[in-house]
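Number of protein chains: 2
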Amino acid sequence: MRITKVIAIALLSFHFAMVQSANPVIIEDFKPAISNQVGKEYPKVNSEGRVRAQISAPNANLVQLDIGGIQYDLVKDEAGVWTGESAPQDVGFHYYQLIVDGAAVPDPGSMFYFGACRWGSGIEIPSDDMDMFAMKNVPHGHVHEIHFPSKSTNVSRRAYVYTPPCYQKETAKRYPVLYLQHGYCENETSWPNQGYANLIMDNLIAEGKAKPFIIVMTYGMINHVEFGKIREFDINPFQTVLIDELIPYVDANFRTLSNQENRAMAGLSMGAFETRLVTLNRPDVFSHYALFSGGVYSPEELKDHKNLKLVFLSCGSKERPERIKAAADELLKARINTVSYVSEGTAHEFHTWRRSLHQLAPLLFK
Amino acid sequence: MRITKVIAIALLSFHFAMVQSANPVIIEDFKPAISNQVGKEYPKVNSEGRVRAQISAPNANLVQLDIGGIQYDLVKDEAGVWTGESAPQDVGFHYYQLIVDGAAVPDPGSMFYFGACRWGSGIEIPSDDMDMFAMKNVPHGHVHEIHFPSKSTNVSRRAYVYTPPCYQKETAKRYPVLYLQHGYCENETSWPNQGYANLIMDNLIAEGKAKPFIIVMTYGMINHVEFGKIREFDINPFQTVLIDELIPYVDANFRTLSNQENRAMAGLSMGAFETRLVTLNRPDVFSHYALFSGGVYSPEELKDHKNLKLVFLSCGSKERPERIKAAADELLKARINTVSYVSEGTAHEFHTWRRSLHQLAPLLFK
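Read top to bottom, the protein sequences are chains V and U.
Residues in the first sequence are numbered consecutively from 1, following this note's numbering.
Residues in the second sequence are numbered consecutively from 1, following this note's numbering.
Think of the hints as simulated: they come from the structure by calculation, not from any bench.
Careful, some of the hints might be misleading.
Here are the simulated lysine-lysine pairs, DSS-like style, with alpha carbons at most 30 Å apart [claimed, not checked]:
| id | chain 1 | residue 1 | chain 2 | residue 2 |
| --- | --- | --- | --- | --- |
| 1 | U | K211 | V | K151 |
| 2 | V | K40 | U | K40 |
| 3 | U | K151 | V | K209 |
| 4 | V | K136 | U | K151 |
| 5 | V | K306 | V | K209 |
| 6 | U | K151 | V | K169 |
| 7 | U | K306 | U | K325 |
| 8 | U | K325 | U | K366 |
| 9 | U | K169 | V | K366 |
| 10 | V | K209 | V | K151 |
| 11 | U | K209 | U | K366 |
| 12 | U | K173 | U | K366 |
| 13 | U | K40 | V | K229 |
| 14 | U | K229 | V | K173 |
| 15 | U | K76 | V | K151 |
| 16 | V | K76 | U | K76 |
| 17 | V | K169 | U | K211 |
| 18 | V | K151 | U | K306 |
Note that the coordinates shown come from a computational prediction; the quantities given were computed from them, not determined experimentally.
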């Protein structure tokens, strides 16, 4: 009897463990994501960072939520509405989609963002520091959509230009400029949309923490390169557009301080890779270099950069922060003014890069 | 024999007619729509204006293309890819969606536009006059995304402001302003996105056909009203935002000519309804009034509008053009400077309104 009872308890525990694993206890404090379309209740997020998706598909055989590389099966109710949850996600912004009987489609509940090489759904998992990009009752700068002529590519190219709140009123003042690049399979809309670059700046300026400056964001992958062949990427087409076409256009059409001392370049991931190549090829153009989640500099590489004021290196704690810190230590030993930053609890995603911009901006043009 | 032959021919003809009706001869000159995401082959459009949609959905029971209020069944191939065509559509811009086993979803092939009360798919059916909004090698104005303070609604409100190409360089010059409203279930992005207001202006200015002016586009349906109850719409909340908050912000932050003579208001559909109400309530603010597909003025209503320079009335030929023409005749008899315009071959859709703006702009601020 005794042995039987022990076995029974053991079996029962095993059964509970299985049930828990298949059906984890989910905290029922879901709220609509801030990345939803106005008035849309789903997708929702709970305090664990789980995403709950929902869609009506009465005649479907299987509907899945596809996020973070995993497909989660949703469950159908009697009305034909499918609902289900993902595992907890890192804080910040993630691209995702729904899969309806094999069709990969955007979720009609979310806003659409350019990333993962396409316009599609994205979701914001709340973090403790969302305040940095909250829309507050402070003066707001403008984000200009511009189309600048490009002889080298024979088209008008699009860029977004953030001008700080004081720009429109202080009509004699001139401003420094940060050129800020997106990542692989993103584009010039990614920093102003999911990156909230303009709101991060508005809030920092309102708090007196950053000097007002202009930010210019354009498309950096004029020549496409396969993901596996990034090391073969030819920087020259983009470098020509940036240095010979965009910078002169910005200097002619905005009230810039148009010298090296007042010009910075930063980028995330592939954009960091581009920033690194451009700044090494043209040490005469920028004075502040920032790489978010994409490479480092060695002291040897920067030894002839006479007008260099700042190197900024960052990544998420779930990337390879030790590499960033080690590189910063080497640069500091070589007396190059370097700041490193690690975003706690995030990986190779946009919240790492928003935080990086938020850390970088107060250091620029001082 | 003779009779049998006649019957046989008749039956054959009937059979052909049936086949043709069910499977019309489709002209195989489909091209990717210009409204597609970069690099996406589908949806396509042919010279008849048929839309061909395609999506991979290997496990679906039924996939449909939903456009113009009709659902067209797609056909599945052996690889699980569904393809099919709509009937010919009017030239211009149409909202649409896909339905996968009952799930109404955006087409991942198209760009996304705000209309029909949601961000979703839209498609451009080529017209003979697309040149008016083509991206050409001409100087381009900027579209500023701005966030202006609104005490009456207790939030920062978004607007888009088009500044003409010369605005950035001729830094002493001041400009007239057109306030331009979207329709029901659209928003402040609709005119710059699917309306191409900025490119229409860039091209007209480059051709010397329109005076450079500023265009301001903001959200006009602060207080939502059900579609069936539009006549009960209270204009006051929007009128307060527009007159007491947005116009002062624009005049303080842009180089405007800030008087009635240099201020126009126009709108499409619900935006025309709003334009009509605002201009009748406040005859002291605007001097040029334009209603696109949404109402008319009577001479009696405008008799005290001493500073009125122009009334512009328009609609599509598939709407009620006789009403527009009759109203214009009445206004002209009362010596009110009125221009009417009918967009040939279009209904209550964005191509009617792009053409209306294209006709209106050369008449403004002369």
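Consistency of the hints with the structure:
Between K211 of chain U and K151 of chain V the alpha-carbon distance is near 28 Å, which keeps this suggested pair within the 30 Å criterion. Annotation: proposed proximity of K40 of chain V to K40 of chain U holds, straight-line Cα distance about 28 Å (limit 30 Å). For the suggested pair K151 of chain U and K209 of chain V, the alpha carbons sit about 26 Å apart, so the restraint of at most 30 Å is met. Using a Cα cut-off of 30 Å, the hinted pair K136 of chain V and K151 of chain U holds, with the two alpha carbons roughly 13 Å apart.
The suggested pairing of K306 of chain V with K209 of chain V holds, with an alpha-carbon distance near 27 Å, which does not exceed 30 Å. Our distance criterion of 30 Å between C-alpha atoms is met by K151 of chain U and K169 of chain V, whose separation comes to about 21 Å. Taken as a hint, the K306 of chain U and K325 of chain U pair is honoured in the structure, with Cα atoms around 23 Å apart against an allowance of 30 Å. Of the supplied pair hints, the one linking K325 of chain U and K366 of chain U holds, its CA atoms being roughly 23 Å apart against a limit of 30 Å.
Under the criterion of a C-alpha separation no larger than 30 Å, the hint pairing K169 of chain U with K366 of chain V is consistent with the structure, at around 28 Å. With a C-alpha separation of about 39 Å, the suggested pairing of K209 of chain V with K151 of chain V is violated against the 30 Å cut-off. Between K209 of chain U and K366 of chain U, the direct Cα distance comes to roughly 11 Å. Compliance with the 30 Å bound is thereby established for this hinted pair. Simply put, K173 of chain U and K366 of chain U have alpha-carbon atoms about 17 Å apart, close enough for the 30 Å limit, and the pair holds.
Note on K40 of chain U and K229 of chain V: the hinted pairing holds, with a Cα-Cα distance of about 23 Å set against a maximum of 30 Å. Distance restraint check for K229 of chain U and K173 of chain V: the Cα-Cα separation of roughly 50 Å exceeds the 30 Å cut-off, and the hinted pair is therefore not satisfied. Between K76 of chain U and K151 of chain V, the direct Cα distance comes to roughly 45 Å. Violation of the 30 Å bound is thereby established for this hinted pair. The straight-line distance between the Cα atoms of K76 of chain V and K76 of chain U is roughly 24 Å, inside the 30 Å bound, and the hint therefore holds.
A hinted pair counts as satisfied when its Cα atoms are at most 30 Å apart, and K169 of chain V with K211 of chain U qualifies at roughly 25 Å. A C-alpha spacing of about 50 Å is found between K151 of chain V and K306 of chain U, which places the hinted pair above 30 Å, so the restraint is violated.
Hints 10, 14, 15, 18, counting from the list given before, are not met by this structure.
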